[in-house]
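K.L.:
Here is what each chain is made of, one letter per residue.
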Amino acid sequence: MRKTYINGAGCISAQKTFDTVFLEEAEINENNTILALKVPVYKDFISPVAIRRMAKGVKNGIVASALAMKEAQVKTVDAIITGTGMGCIEDSEKFLKAILDNKEEFLTPTSFIQSTHNTVGAQIALGLQCNAYNLTYVNGAVSFESALLDAKMKMEEQEASTVLIGGIDETADYTMSLLKLAGFIKKENEGPYKVLNSTTKGAVYGEGATFFVLGDKKKDNTYAEVLAVEILNQLKEEELEAKFTAFLKSNSLQISDIDAVVLGYDGDVEFDSYYKILSENSFVNTPQVYYKHLCGEYNTASAFGLWIGAKIIKTQQIPEIIKVNSLQNPAYKKILLYNQYKGIDHSFTLISKC
Amino acid sequence: MNNGVAITGMGIISAIGNSVEENFISLINNKVGITTIENISTVHATVIKVGEIKKTNQQLADELQLSSDNNFSRTAMLGAIAAKQAVHNAGITSINDCKTGLISATSVAGMDMTEKYYYDYFENTALTKYISSHDCGDVAHKIADELGLEGMVTTISTACSSAANAIMLGARLIKSGKLDRVIVGGTDALAKFTINGFKTLMILSETDNMPFDNNRKGLNLGEAAAFLVLESDEIVKKDNKKVLARISGYGNANDAFHQTASSENGDGAFLAMEKAFQVAGLKPEQIDYINVHGTATPNNDLSEGRALVRIFGEEKVPDFSSTKPYTGHTLAAAAAIEAVYSVLAIQNNVVFPNLNFKTPMEEFNLMPQTTLKHKKIEHVLSNSFGFGGNCSTLIFSKSK
Amino acid sequence: METLKQGLKEKIIAVLNLEDINLEDINDNDPLFGDGLGLDSIDALELIVMLDKDYGIKLVDPKEGKTIFKSIETMAAYISANRTK
Chain E
62 MRKTYINGAG
72 CISAQKTFDT
82 VFLEEAEINE
92 NNTILALKVP
102 VYKDFISPVA
112 IRRMAKGVKN
122 GIVASALAMK
132 EAQVKTVDAI
142 ITGTGMGCIE
152 DSEKFLKAIL
162 DNKEEFLTPT
172 SFIQSTHNTV
182 GAQIALGLQC
192 NAYNLTYVNG
202 AVSFESALLD
212 AKMKMEEQEA
222 STVLIGGIDE
232 TADYTMSLLK
242 LAGFIKKENE
252 GPYKVLNSTT
262 KGAVYGEGAT
272 FFVLGDKKKD
282 NTYAEVLAVE
292 ILNQLKEEEL
302 EAKFTAFLKS
312 NSLQISDIDA
322 VVLGYDGDVE
332 FDSYYKILSE
342 NSFVNTPQVY
352 YKHLCGEYNT
362 ASAFGLWIGA
372 KIIKTQQIPE
382 IIKVNSLQNP
392 AYKKILLYNQ
402 YKGIDHSFTL
412 ISKC
Chain A
16 MNNGVAITGM
26 GIISAIGNSV
36 EENFISLINN
46 KVGITTIENI
56 STVHATVIKV
66 GEIKKTNQQL
76 ADELQLSSDN
86 NFSRTAMLGA
96 IAAKQAVHNA
106 GITSINDCKT
116 GLISATSVAG
126 MDMTEKYYYD
136 YFENTALTKY
146 ISSHDCGDVA
156 HKIADELGLE
166 GMVTTISTAC
176 SSAANAIMLG
186 ARLIKSGKLD
196 RVIVGGTDAL
206 AKFTINGFKT
216 LMILSETDNM
226 PFDNNRKGLN
236 LGEAAAFLVL
246 ESDEIVKKDN
256 KKVLARISGY
266 GNANDAFHQT
276 ASSENGDGAF
286 LAMEKAFQVA
296 GLKPEQIDYI
306 NVHGTATPNN
316 DLSEGRALVR
326 IFGEEKVPDF
336 SSTKPYTGHT
346 LAAAAAIEAV
356 YSVLAIQNNV
366 VFPNLNFKTP
376 MEEFNLMPQT
386 TLKHKKIEHV
396 LSNSFGFGGN
406 CSTLIFSKSK
Chain R
45 METLKQGLKE
55 KIIAVLNLED
65 INLEDINDND
75 PLFGDGLGLD
85 SIDALELIVM
95 LDKDYGIKLV
105 DPKEGKTIFK
115 SIETMAAYIS
125 ANRTK
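Residue numbers (my numbering), protein chains in the order written: chain E, 62 to 415; chain A, 16 to 415; chain R, 45 to 129.
Note that these hints are calculated values from the structure, not bench results.
Note that the structure is predicted; figures quoted are calculated from it, not measured.
Check each hint, because a few of them may be wrong.
[To be verified] In silico lysine-lysine, DSS-like type, Cα no more than 25 Å apart, as pairs:
| id | chain 1 | residue 1 | chain 2 | residue 2 |
| --- | --- | --- | --- | --- |
| 1 | A | Lys-99 | A | Lys-190 |
| 2 | A | Lys-415 | A | Lys-256 |
| 3 | E | Lys-64 | E | Lys-375 |
| 4 | E | Lys-297 | A | Lys-252 |
| 5 | A | Lys-232 | R | Lys-110 |
| 6 | E | Lys-155 | A | Lys-144 |
| 7 | A | Lys-114 | E | Lys-304 |
| 8 | E | Lys-297 | A | Lys-114 |
| 9 | A | Lys-207 | R | Lys-102 |
| 10 | A | Lys-373 | A | Lys-390 |
| 11 | A | Lys-391 | A | Lys-46 |
| 12 | R | Lys-102 | E | Lys-164 |
| 13 | A | Lys-373 | A | Lys-252 |
| 14 | E | Lys-384 | E | Lys-255 |
| 15 | R | Lys-55 | E | Lys-158 |
| 16 | E | Lys-414 | E | Lys-304 |
| 17 | A | Lys-415 | A | Lys-253 |
| 18 | A | Lys-99 | A | Lys-232 |
| 19 | A | Lys-257 | A | Lys-114 |
| 20 | E | Lys-64 | A | Lys-114 |
| 21 | E | Lys-278 | E | Lys-394 |
| 22 | E | Lys-304 | A | Lys-190 |
| 23 | E | Lys-375 | E | Lys-280 |
| 24 | R | Lys-107 | R | Lys-97 |
| 25 | A | Lys-193 | E | Lys-304 |
| 26 | A | Lys-207 | E | Lys-155 |
| 27 | R | Lys-107 | E | Lys-104 |
| 28 | R | Lys-107 | A | Lys-373 |
| 29 | E | Lys-158 | R | Lys-97 |
| 30 | E | Lys-99 | E | Lys-280 |
| 31 | A | Lys-193 | A | Lys-114 |
| 32 | A | Lys-232 | R | Lys-55 |
| 33 | R | Lys-97 | E | Lys-155 |
| 34 | A | Lys-390 | A | Lys-298 |
Bound conformation, chain E alone (with noise of 0.2 Å):
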C-alpha cells in the first residue's frame, strides 16, 4: 500500500508561523474574543491585478499553499483537496449585504463569485493551470480532515503521486457578531481566556490558512507519515475510549505505543470534557499537547493542529508553550491527534516519525 508523507507545511495564523522555525515567537493573547491574523507581505505572492478580487481567505490560502509547495519543491501537484468550514465568509456577507441593502438592484458579481466554497481550491488551480481533481469539503470541524482522508485515498489508489491539501477559514465581522450573539464566541468581559481548565461556555475565534504536501516519497525533509485519519458523526463521551483503542487496534498499536496526543481543546466548557477524559485517563502518562489557545478556534483550526504534530516530529520537541502536562519524552515517534467540535464532527489522526 503507498504510503502518505507529508513533504511540505505552509501555515497563516495568529502567529508568525510562516516565517520561523517552530513558535519561537508565539505568544498568548487572553485577552480578545477574536484572533487577529498575522499577515504576510501579499504582493510577494500575488499579483496586483488577481489580488483586487479575492477577500483574506483566498490570499491566506494562496499563499499557504505557495509555501507548502515551495518547501516541498513541487511546482505542480496530482490533486488540490481543501477544508472550509464557513467558506468564504466575507465576499458571502458583501454579496448579501448589497442585495438586502439595495433591494437586489445594482449587484454586481464579484462577491458573489468569490463566495462560493471552492473559490481558493480553483484559484490555486488556476494560478498552476493545474487540471487535477480539486474537491472542497464543507462540514464544520472534519472539513480538513475529510480533504487528508480524501487525499490518502488518492495515494492508496494509486491515482496521485503529490497532493496539496489545506484548510481555510475566515472571520467576517457581522458574522462573528452573529456567533457571540448564538453563544459560540466567548462573551466580552469574561477574561482573562483561558482554554485549559475554563469554565465559560464559547471559544476564543480565530482564522487561517493550512496547506501540506502530501507525497508517496519520502525526501530528506520529509515531516512526518500520515497512518491514518477517520471521521465520526456522533460519540458519546463514555463511548471515547473504546474508540480510541479500537482505532489505535486497527493500525496495530495500543495506547502506550503514542509518544504524545495533540488535543483540541478550546476553552469552551461544555466540550472540553472530551479531552478531559483522555487526559485524565487513557493518555494521562502521554505528553499532551494543546494548540487552540495560539490559532483560535474555527472549523478548519485542526489543521493548525496537524502543522503542529508534524513539526513536533521534525523537531523532536515540544514547545513549553503548546504543553498540557509536563510529561516529555525522549522520541517522539508516533503522534495521536483528536478534535470535535460542540460534541459533533470528531476526527482521529495518527501520524508517525518515518
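Got chain E; can you put chains A and R on it based on the hints?
P.N.:
Structure of chains A and R alone, referenced to chain E:
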C-alpha cells in the same frame, strides 16, 4: 469492464415530483416543473422562471414531523426527505449495523434562512436558533440525525458538480472497504442569494431553458434533493438486496480556465469524461445515453458540446438529452437528481427527451434526443460542471 | 467629454478595485481588456452594472460590452449618446 458499486436505494424530491415514481411519470409524460416563483418574494419574480417545489417550509416540516422549535433550513428539509426515502427504498432498518456513512452536497446550505433573518437576529431572540443552520455541515448533520446515522459524515461543496463528487467519493469508500454502506447525494433550495448571484452573471433566462439550442438564452434555477444508497457486494449478497444499477465509472478534472466560464474547447469536461471511461474500463461507443449538464447557457452548451465531439467524434455522439427543462438547474443537487434519472433510464430502457429544442447549434452537428425513446440501455454517462472549473462525470451501468 | 472621461477613469479604478493604478496611467485609447489594463469578463459585468447605476443605460446582452468597453474613448462616446441620467 469492472463490476461497479451497487446502488440499492434512491430518493428524490424535485419540481417534477415528490418521489422516484412521481419524477419518472413526469419525465415520460413531458410534465415540466418550470414556473413563476411563489415561495420567495423577489423583485425579479416577473423576469425569471424556476423549477420550484410547490411546498411551503411548513409543509416540509410537517412531512418530517419536526417540532415547532426546529431550526431546519429548507435545504436541510429537502435533503432529509430525499435521504429518508432512499434509506427506506434500500430496505435498511438498522442504519448503524455496518460501517455506514453519509456524503452530502450543497451550495446554498442554510442561506435560505440566513437571508430572511440577517438583520433581524439582534431584535428577535426566537431567530437565534437559525444562526447555526447557515453552514453546509449543518445540512449533513441534520440529515444524519434524521437517519440516526453515527458514522462518517461529510459534505462536498464544489458548486454545480457537488453531488457528482459526493457520489464519486461514496463509490471510492465502498471500493476501498472503508465503508460497507454510504448514502450519497445533494440538496439545494432556491434562495435570493443564488437568484441574484446568477442574475449578476447575466446567465438566467426569462423563458423556459432550451439546452443545446442555437437560440438558448440561459438557465432556469431550480431546487431539489436526491440521495442514493450504495452498498458493498458483501452486504448485497448477505441481505439479498436488489441492485438498481451500478456506478461503474467516475472522473473529476479542473478546467483551470476561468472562475465561472468554461474553456472554449471544454478541456475540463473532456478530461473528466476521459477519466470516467478509464475507471469504468469502457469505450465511448458503449454509452447508450448521455444525460448532459446542458444548462442552456451560451457558454456551457458550447463547451460541453465541443468536449462531447472530442470524446465521441461528431458523428458518433450517442443519444443525449438535458433534463433541466423539466427541473431547472438545481445546483449542488443537479448531479444527484440526474443520477436518479440515469438509473431510471437503465431500469426502464428509455432515453428522456431534451425539451424546448428547435434549432441545432451552428458550431457543430449535434442533435439532442427530443422525444422519449425506448431502447436497450446498458450504460449511461452523466455530466455535471460547476463554477471554479470543477468538472465531473459519472457512468452508471446495468447490474449483471 | 473630458470630465466624462476623467470621471470614467475614477469610477473604473474604484469599482474594479485597481488600487495600484493612477488616473494618469490610463490613456484614452489604450485597450482596457486583454492587454493594456488586463480586465476580464467579470470586470465587464461590473462595468455593465456601473452603466446602469450611474448613467441609466441598461445592456441586455453582455456581448455588447465587447465593443463599448474597448477603451475609455469608446465608453465615453457610447455613454454620451445613450445616457438617461
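K.L.:
Now tell me, hint by hint, if it's right for this structure.
P.N.:
Checked hints:
Straight-line distance between C-alpha atoms of Lys-99 of chain A and Lys-190 of chain A comes to about 24 Å, which keeps the hinted pair within the 25 Å bound. Taking the CA atoms of Lys-415 of chain A and Lys-256 of chain A, the gap is about 13 Å. The hint holds against a cut of 25 Å. Of the supplied pair hints, the one linking Lys-64 of chain E and Lys-375 of chain E holds, its CA atoms being roughly 18 Å apart against a limit of 25 Å. Among the hinted pairs, Lys-297 of chain E with Lys-252 of chain A is inconsistent with the structure: their alpha-carbon atoms are about 32 Å apart, more than 25 Å.
Between Lys-232 of chain A and Lys-110 of chain R the alpha-carbon distance is near 18 Å, which keeps this suggested pair within the 25 Å criterion. Restraint check for Lys-155 of chain E and Lys-144 of chain A: satisfied, since their Cα atoms lie roughly 23 Å apart, inside the 25 Å limit. This hinted pair checks out: Lys-114 of chain A and Lys-304 of chain E have alpha carbons roughly 14 Å apart, not beyond 25 Å. Using a Cα cut-off of 25 Å, the hinted pair Lys-297 of chain E and Lys-114 of chain A holds, with the two alpha carbons roughly 17 Å apart.
A distance of roughly 22 Å separates the Cα atoms of Lys-207 of chain A and Lys-102 of chain R; the hinted pair therefore holds under the 25 Å criterion. Of the supplied pair hints, the one linking Lys-373 of chain A and Lys-390 of chain A holds, its CA atoms being roughly 23 Å apart against a limit of 25 Å. Between the alpha carbons of Lys-391 of chain A and Lys-46 of chain A the distance comes to roughly 23 Å, so the proposed pair stays at or under 25 Å and holds. Restraint check: the Cα-Cα separation between Lys-102 of chain R and Lys-164 of chain E comes to about 18 Å, which is no more than 25 Å; the hinted pair holds.
The straight-line distance between the Cα atoms of Lys-373 of chain A and Lys-252 of chain A is roughly 48 Å, outside the 25 Å bound, and the hint therefore fails. Distance hint between Lys-384 of chain E and Lys-255 of chain E is fulfilled; the C-alpha atoms sit about 14 Å from each other, no more than 25 Å. For a cut-off of 25 Å, the pair hint linking Lys-55 of chain R to Lys-158 of chain E stands: about 21 Å separates their Cα positions. Our distance criterion of 25 Å between C-alpha atoms is met by Lys-414 of chain E and Lys-304 of chain E, whose separation comes to about 24 Å.
For the hint pairing Lys-415 of chain A with Lys-253 of chain A, the CA-to-CA distance comes to about 17 Å; that is within 25 Å, so the pair holds. The suggested pairing of Lys-99 of chain A with Lys-232 of chain A is violated, with an alpha-carbon distance near 37 Å, which exceeds 25 Å. Taking the CA atoms of Lys-257 of chain A and Lys-114 of chain A, the gap is near 20 Å; set against the 25 Å cutoff, the hint holds. This hinted pair checks out: Lys-64 of chain E and Lys-114 of chain A have alpha carbons roughly 24 Å apart, not beyond 25 Å.
Restraint check for Lys-278 of chain E and Lys-394 of chain E: the C-alpha separation of about 19 Å stays at or below 25 Å, so the hint holds. Taking the CA atoms of Lys-304 of chain E and Lys-190 of chain A, the gap is near 24 Å; set against the 25 Å cutoff, the hint holds. Our distance criterion of 25 Å between C-alpha atoms is met by Lys-375 of chain E and Lys-280 of chain E, whose separation comes to about 12 Å. Between the alpha carbons of Lys-107 of chain R and Lys-97 of chain R the distance comes to roughly 19 Å, so the proposed pair stays at or under 25 Å and holds.
Taken as a hint, the Lys-193 of chain A and Lys-304 of chain E pair is honoured in the structure, with Cα atoms around 16 Å apart against an allowance of 25 Å. Between Lys-207 of chain A and Lys-155 of chain E, the direct Cα distance comes to roughly 14 Å. Compliance with the 25 Å bound is thereby established for this hinted pair. Restraint check for Lys-107 of chain R and Lys-104 of chain E: the C-alpha separation of about 33 Å exceeds 25 Å, so the hint is violated. Taking the CA atoms of Lys-107 of chain R and Lys-373 of chain A, the gap is about 23 Å. The hint holds against a cut of 25 Å.
As the CA atoms of Lys-158 of chain E and Lys-97 of chain R are separated by approximately 17 Å, the hinted pair is consistent with the 25 Å bound. Between Lys-99 of chain E and Lys-280 of chain E, the direct Cα distance comes to roughly 30 Å. Violation of the 25 Å bound is thereby established for this hinted pair. A distance of roughly 8 Å separates the Cα atoms of Lys-193 of chain A and Lys-114 of chain A; the hinted pair therefore holds under the 25 Å criterion. For the proposed pair Lys-232 of chain A and Lys-55 of chain R, the alpha carbon gap of about 30 Å is over 25 Å, so the pair is violated.
Of the pairs offered as hints, the one joining Lys-97 of chain R and Lys-155 of chain E holds, with about 18 Å between alpha carbons and a cut-off of 25 Å not exceeded. Simply put, Lys-390 of chain A and Lys-298 of chain A have alpha-carbon atoms about 19 Å apart, close enough for the 25 Å limit, and the pair holds.
Checked against the numbered hints listed earlier, the structure breaks hints 4, 13, 18, 27, 30 and 32; every other hint is satisfied.
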